[in-house]
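Number of protein chains: 2
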Amino acid sequence: MLFIMNKKAIVLLSGGLDSATTLYYALNEGYSVEALVFDYGQKHKREIRCAQALARVAGVPAFKVKIALPWRGSSLLDPGIKVPDKGVRKNTIPSTYVPARNIIFVSFAASCAEAVGARTVFIGANAVDYSGYPDCRPEFFSAFQKALDAGLKAGVEHRGIRICTPLLKLSKAGIVRLGTRLGVPFEKTWSCYNGEGVPCGVCDSCRLRAGGFKEAGVRDPLVKN
Amino acid sequence: MLFIMNKKAIVLLSGGLDSATTLYYALNEGYSVEALVFDYGQKHKREIRCAQALARVAGVPAFKVKIALPWRGSSLLDPGIKVPDKGVRKNTIPSTYVPARNIIFVSFAASCAEAVGARTVFIGANAVDYSGYPDCRPEFFSAFQKALDAGLKAGVEHRGIRICTPLLKLSKAGIVRLGTRLGVPFEKTWSCYNGEGVPCGVCDSCRLRAGGFKEAGVRDPLVKN
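Protein chains in written order, with our numbering: chain A, 1 to 225; chain B, 1 to 225.
Heads up, some of the hints might be wrong.
All copies of an identical chain are treated as equivalent in the list; a pair is satisfied when it fits inside any one copy or across any two copies.
In silico BS3-like links for lysine-lysine, alpha-carbon gap of 25 angstroms or less [said to hold, decoys possible]:
1) Lys86 to Lys153
2) Lys169 to Lys43
3) Lys153 to Lys224
4) Lys43 to Lys7
5) Lys214 to Lys86
6) Lys146 to Lys86
7) Lys146 to Lys188
8) Lys224 to Lys64
9) Lys64 to Lys169
10) Lys8 to Lys43
11) Lys82 to Lys7
12) Lys64 to Lys86
13) Lys214 to Lys146
14) Lys169 to Lys82
15) Lys45 to Lys66
16) Lys169 to Lys146
17) Lys45 to Lys146
Bear in mind the hints are in silico, worked out from the structure with no lab data behind them.
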């Protein structure tokens, strides 16, 4: 019997280190990929252009989805609130938190997956060296998977759409090592929350990235020596 | 001790009979409401204008959210696919199904709720006289509630955001009766999937609505005698 597995996938691509590594992971696993790139009003618009450039280099189509909502209170969105620069604090959700961001992203991705006949959604969420966002944790993804199984036609018809989080339990150094092995063009990624030019080096995202590269013994091409 | 309950709520307002009744239900329960209206590429654009008019009449602010995605295959979105007109079939998901529509809507609403400090999201989903969409069923909402509890800051901090589905187990006639009692301006609602002018009378949505008004013994002001 000839069994052809459905290898179509949607990859959520933010343009950062983690989502870029996830894209290359999915391609390396043999998936035929379409990337979803969100413009959700983030101040660091540069990551959107990086995501599109990454998709081009990897040879996958990228759909840009623009979301405008009356979000308030997040330092990632609000020009009036400074992004924290004092270091990552464990067990605290920082002001960069955007309400339900991953919940919205994976909802869109699941919809898109069902519409194009893909069975897998990849997201580069990480719950080890991360900023404490609740929708990056394994307990969220496991609960959300059940909601998809109950709420999607594909779920009811028992084929289902699977949320795949290959980086969830890796350290940042582990992600850098995996990305290096997979040939991720790190120079095309962007992690800094502070927008344009050179990475600020002091926001949580820069600190987590720097720690990962240092521990992995890999040079970050975005950081000048 | 003075205990002031948080009575801010987000109501998902499509402009149809069910969401209009839900809006009036929430107001009648004493909630201070903000409405979310989605332009998701539906062919029946008239419902968007009806939703905005309903919000105006009810005196609540309405935010319109526009979503553009490469959705294919739904007769509610695709001009090339005719909306079915042969009657509602039990235990079948019709071609009007839009992948993950309610999943996306409640995700946005939860985000919005958290951003504005509301604790409740109302959605007029109904799983009795309905079109068989999986994300209208109690099992979906119960699973999604758990995903929100795990994924939202409010969930982690044990205040939580509650998805409230007051119509979930009502018949369509029950919804018409409830709406009548609450003073819902039915003449400002729109249920027909076929767009403009007068309701077609033969799409699933028109049939379900007509059945509800008939059984409740109430005249539908949209239908000329």
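Status of each hint after checking the structure:
{"no.": "1", "hint": "Lys86 to Lys153", "verdict": "between (46 angstroms within a copy, 21 angstroms between copies)"}
{"no.": "2", "hint": "Lys169 to Lys43", "verdict": "neither (28 angstroms within a copy, 43 angstroms between copies)"}
{"no.": "3", "hint": "Lys153 to Lys224", "verdict": "neither (50 angstroms within a copy, 36 angstroms between copies)"}
{"no.": "4", "hint": "Lys43 to Lys7", "verdict": "neither (34 angstroms within a copy, 32 angstroms between copies)"}
{"no.": "5", "hint": "Lys214 to Lys86", "verdict": "within (19 angstroms within a copy, 65 angstroms between copies)"}
{"no.": "6", "hint": "Lys146 to Lys86", "verdict": "neither (37 angstroms within a copy, 33 angstroms between copies)"}
{"no.": "7", "hint": "Lys146 to Lys188", "verdict": "neither (35 angstroms within a copy, 37 angstroms between copies)"}
{"no.": "8", "hint": "Lys224 to Lys64", "verdict": "neither (30 angstroms within a copy, 44 angstroms between copies)"}
{"no.": "9", "hint": "Lys64 to Lys169", "verdict": "neither (28 angstroms within a copy, 38 angstroms between copies)"}
{"no.": "10", "hint": "Lys8 to Lys43", "verdict": "neither (32 angstroms within a copy, 28 angstroms between copies)"}
{"no.": "11", "hint": "Lys82 to Lys7", "verdict": "neither (42 angstroms within a copy, 30 angstroms between copies)"}
{"no.": "12", "hint": "Lys64 to Lys86", "verdict": "neither (32 angstroms within a copy, 37 angstroms between copies)"}
{"no.": "13", "hint": "Lys214 to Lys146", "verdict": "neither (38 angstroms within a copy, 38 angstroms between copies)"}
{"no.": "14", "hint": "Lys169 to Lys82", "verdict": "neither (30 angstroms within a copy, 46 angstroms between copies)"}
{"no.": "15", "hint": "Lys45 to Lys66", "verdict": "both (12 angstroms within a copy, 20 angstroms between copies)"}
{"no.": "16", "hint": "Lys169 to Lys146", "verdict": "both (20 angstroms within a copy, 22 angstroms between copies)"}
{"no.": "17", "hint": "Lys45 to Lys146", "verdict": "neither (33 angstroms within a copy, 32 angstroms between copies)"}
This entry does not satisfy hints 2, 3, 4, 6, 7, 8, 9, 10, 11, 12, 13, 14, 17, going by the numbered hints stated previously.
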